[in-house]
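Asker: Using the sequences provided together with the hints, build the complete structure.
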Amino acid sequence: MTVWLAFVLGGLVTYLERASFVAFIGDRELPVVIARALRYVGPAAFAAIVLPATVGDKGMARFVAPDARLIALVIAGVFMYRVRNMPVMLVVGMVSLWLLQWAGL
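Residue numbers are given in the working numbering: position 95 of the sequence shown equals residue 182, and the series is strictly consecutive.
By construction, these hints were calculated from the structure, which means they are not laboratory data.
Ideal placement from N, C-alpha and C gives every residue a C-beta, glycine not left out.
Check before you lean on any hint, since a few could be wrong.
Restraint-style ranges between C-beta atoms, simulated for each label pair [said to hold, decoys possible]:
hint, residue 1, residue 2, range
1, Val100, Leu138, 24 to 34 Å
2, Arg126, Tyr102, 40 to 50 Å
3, Val90, Gly164, 33 to 43 Å
Answerer: This is the structure:
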């Protein structure tokens with residue numbers, strides 16, 4: 088089995104898994120429990136991407152001596168908690184990061 092065959096088969100299996108939900112239950116409404124659980128997938132995926140990128144390889148030491156990325160993350164998190172608007176939160180977080188980096192943190 089070559090590497091390309093493994094890539095193609097992996098992509099095909101992934102596509103068929105995703106398409107099966109549309110084909111088999113696309114015309115039905117999701118149960119309330121599943122719909123409620125799916126609301127948390129986006130924020131969980133976002134946190135799984137952002138936190139390791141922010142903390143990096145320093146782990147808990149980053150919280151003792153925070154840098155601009157961590158401070159901007161906290162500012163954006165507090166803003167998101169209070170306003171609940173993700174696109175605006177992303178703008179606030181990026182502007183905070185740029186201002187903190189410009190200030191020399």
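Asker: Check each numbered hint from earlier against the structure, then list the numbers of those it violates in ascending order.
Answerer: Going through the list in order, the structure violates hint 2 alone and respects the others.
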